[in-house]
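A.B. asks: Mapping of the sequence shown onto the numbering used here: position 67 corresponds to residue 67, and the numbering continues sequentially without gaps.
It is worth saying that the hints were derived from the structure and are not from the lab. Glycine is no exception: its CB is placed at the ideal position from the N, C-alpha and C atoms. Errors might be hidden in some of the hints.
[To be verified] DEER-style ranges, computed between Cβ atoms: (1) R8 to Y34: 46 to 56 Å; (2) Y34 to D9: 13 to 23 Å; (3) R73 to A21: 40 to 50 Å; (4) R73 to L20: 13 to 23 Å; (5) A10 to R73: 54 to 64 Å.
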Amino acid sequence: MASITTARDAAHALELAQKLAGELETGGVFINGYCATDPRVTFGGVKKSGFGRELSHFGVHEFCNAQTVWLDRH
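Please take these sequences and the hints and turn them into a complete structure.
C.D. replies: Shown next as structure tokens:
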């Protein structure tokens, strides 16, 4: 889920972006437009939405399993 709103000018848009991004738990906050797809921007849901992350370096981590290998040399 994403949130979308409009702003009257660039200064208001920046103020709105900071406020909304901090208060809303959504996969994205869009102001005065919507970016449907761009490989530089992560896309995905939050909480139990059923959607993971796609695109950008965050999306790559969805397909990786991190593994710790520890060797105690003592």
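A.B. asks: So which of those numbered hints doesn't the model satisfy?
C.D. replies: 1 and 4
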